[in-house]
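Number of protein chains: 2
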Amino acid sequence: MSVTFAQGFTAAGVVAGISSTAGKKDLALVVNDGPLKAAAGVFTTNRFCAAPVQWSREAVKDGRLDAVILNSGGANACTGVEGYEQSAKTARKVSELLGCPVDDVAVCSTGLIGELLPLSNVLAGAEAAFAALDDTVQAGEDASHAIMTTDTKPKTVTRLGSNGFRIGGMVKGSGMIAPQLATMLCVITTDAVVTPEQLRVALAAGVDTSFNRIDVDGCMSTNDTVLLLASGASGITPDADEFNAIVADCCAALARQIIGDGEGASHDIKITVEGATDEDAALACGRAVAASNLLKCAISGNDPNWGRIVSSLGTVPVGVAPYDPDQVTVDVNGVRVCDGGKPGRDRGEVDMTPREVDIVIGLNIGGATATVWTDDLTHEYVHINADYES
Amino acid sequence: MSVTFAQGFTAAGVVAGISSTAGKKDLALVVNDGPLKAAAGVFTTNRFCAAPVQWSREAVKDGRLDAVILNSGGANACTGVEGYEQSAKTARKVSELLGCPVDDVAVCSTGLIGELLPLSNVLAGAEAAFAALDDTVQAGEDASHAIMTTDTKPKTVTRLGSNGFRIGGMVKGSGMIAPQLATMLCVITTDAVVTPEQLRVALAAGVDTSFNRIDVDGCMSTNDTVLLLASGASGITPDADEFNAIVADCCAALARQIIGDGEGASHDIKITVEGATDEDAALACGRAVAASNLLKCAISGNDPNWGRIVSSLGTVPVGVAPYDPDQVTVDVNGVRVCDGGKPGRDRGEVDMTPREVDIVIGLNIGGATATVWTDDLTHEYVHINADYES
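Just so you know, the sequences run in chain order P and R. Per the working numbering, the first sequence runs over residues 917 to 1306. Per the working numbering, the second sequence runs over residues 917 to 1306.
Since the hints were derived computationally from the structure, they do not count as laboratory data. Every value quoted in this text rests on a predicted model; they were computed, and no experiment measured them. Be careful, since some hints might not be right.
Because identical chains share one entry, a pair is satisfied inside a single copy or across any pair of copies.
[To be verified] Simulated crosslink set (EDC-like; lysine to aspartate or glutamate; CA at most 20 Å straight-line): (1) Lys1258 / Glu998; (2) Lys1258 / Glu1031; (3) Lys940 / Asp1267; (4) Lys1186 / Glu1043; (5) Lys1069 / Asp1194; (6) Lys940 / Glu1272; (7) Lys953 / Asp1124; (8) Lys1069 / Glu974; (9) Lys1069 / Asp1262; (10) Lys977 / Asp1165; (11) Lys1258 / Asp1157; (12) Lys1258 / Glu1001.
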């Protein structure tokens, strides 16, 4: 269902010849038919941010977007003034087709850094996508396929509010995921009646506890973009708290799907840090463990190697996360393999057959908790990133 | 030659039955026969520091050491009070054999975290090593073999001062290398006449520009130890600046050998950041690039993927390293593949056949430079760390 689940939105996904994979859908268009055109966005903090990020950051600043055009097959990053002009021309093309202001069109790109896009293909693709716009399930699914790169499956979400408003979304992302946002493009749509300010608050909070807590490979992208668009087409005004909660839930569901489709991953690793002095401390510990290549390799070998967990935990400065190493516990899939900083139950007792590996670290100094997600590090990850060009 | 190159030192390396590899030398002893017994040490900053680190940090505090006993086959880390007692009993055994104070014996261990050592084997091994102590080339080489774990070759260094004093050393380290020290045990010996304070200054400076600038896998160890011992047996008082320079050179040579033997590595990657506002800024940029799994995979696939270099560079906060992305250049093996933040010469021009890959990043905002070293990320790294127990 994806972005067409909410009323007031049409979408399309077409083959534009941008991707090097012949016949792959590589251009998506999402249009907000209103009556509201409210929008909010969150973007990469990478200083080498791509041309489409520079363009879209400005476009969404006034809280209004009519449409988003997204392409796979090229990131249009580190492409200078010419790259920026490509994003501007792409937005202009869409604005002419829709009859809307050029600065109400967002542009998103994903793919190889450092190469310009085949602009004529993008512009012709925009026309084809415009012609194919529809509010059907299929149209939403076509769009979610068109943004995939090394993703092995499309990632979508739909949620229904208690008084009938709808939220739907799509995301792409598999590698270059971390630590603040991922190489991910995400569009979430809703037919609720909400203001741009409500969207900004809901999106910032939702992203903070989802996309900002996943880490496939520690690599931050130049192109990360998350957009939230509201059409108001349902005529329903949501309860603000419920709206925020559902947006956060959509972000979490999409982020979880990214981890489930991490490049080459054979295990999804959930790392929960409990008993911290505050949430930031718990988060810092979780991120440090999630970043350990040695742990990620051990998990891919089905080894619940807690020594690699505590050695990563030990790199977090005392000032960031106070704890006593002699009080720390580590449970892997329910087995307490480290107890009070020393060996606990035999790690041979841990069942490593499930895809999801559940690591719980107890700092035993306070009451705060945070969870981060990562993937294991496999031969296939190296293969994808050494032997393919991306 | 290793630690026996300097006069006044004896060493041994024996098979003690600690390692799970039958017949592997796994216990080394280095003895300072004086007349001086000056010493200095640098240790891991990991909060889960191992029992031998806790012991040795105290032992070296007074600037005097008579001996160092080192074992592979077990890290004795996260082993609680019982582990600390194992280190203490090991030191006591050596002190009884040598007739020196127990707190003038340092203990170093490397291997799997979270398991106690087979103490009777360690103590019997200490006796065997004591019996085998010699000042020969072979004795030094035996010691350098006994500390190896996943290392594929021993790593040693010798240097001669201009007025005849000598410095020699050995190190082990291959994985769990970064970002402040490595899983490394290092002993450097000199026959120069120097004070403990001179040793401390020389070692701190030497470590800072060598072991603290290599990163195999971003994983900091629980057991890192670098010791510098002076016997004064040459009777030669060195020029202080020359002494510091040679110690730094020894550290750099040993650190370079660790990178050359990084787990599974097929390329050694030298990352030089030039034109930074200050050395810390250059270092922060170099470390960020060295930590990129995506870049390390690309290099293992012989792809000089500069997009993965700048996207890592872009994660360094402006406050840490000011630069303008549009002024940045990247040279790989002498080819300027990125020029002013945009594509430069074709990356197909880069010769990726040499083992050493030379990456030079120009920030073009100041005059400071720093170099860090890392390895590429290969199938073999994953194999070693997923499929072996360590």
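Results for each hint:
no. : hint              : verdict
1   : Lys1258 / Glu998  : between (58 Å within a copy, 10 Å between copies)
2   : Lys1258 / Glu1031 : between (51 Å within a copy, 9 Å between copies)
3   : Lys940 / Asp1267  : neither (39 Å within a copy, 33 Å between copies)
4   : Lys1186 / Glu1043 : neither (43 Å within a copy, 47 Å between copies)
5   : Lys1069 / Asp1194 : neither (36 Å within a copy, 46 Å between copies)
6   : Lys940 / Glu1272  : neither (31 Å within a copy, 38 Å between copies)
7   : Lys953 / Asp1124  : neither (24 Å within a copy, 56 Å between copies)
8   : Lys1069 / Glu974  : neither (31 Å within a copy, 56 Å between copies)
9   : Lys1069 / Asp1262 : neither (37 Å within a copy, 33 Å between copies)
10  : Lys977 / Asp1165  : neither (24 Å within a copy, 54 Å between copies)
11  : Lys1258 / Asp1157 : neither (43 Å within a copy, 45 Å between copies)
12  : Lys1258 / Glu1001 : between (59 Å within a copy, 14 Å between copies)
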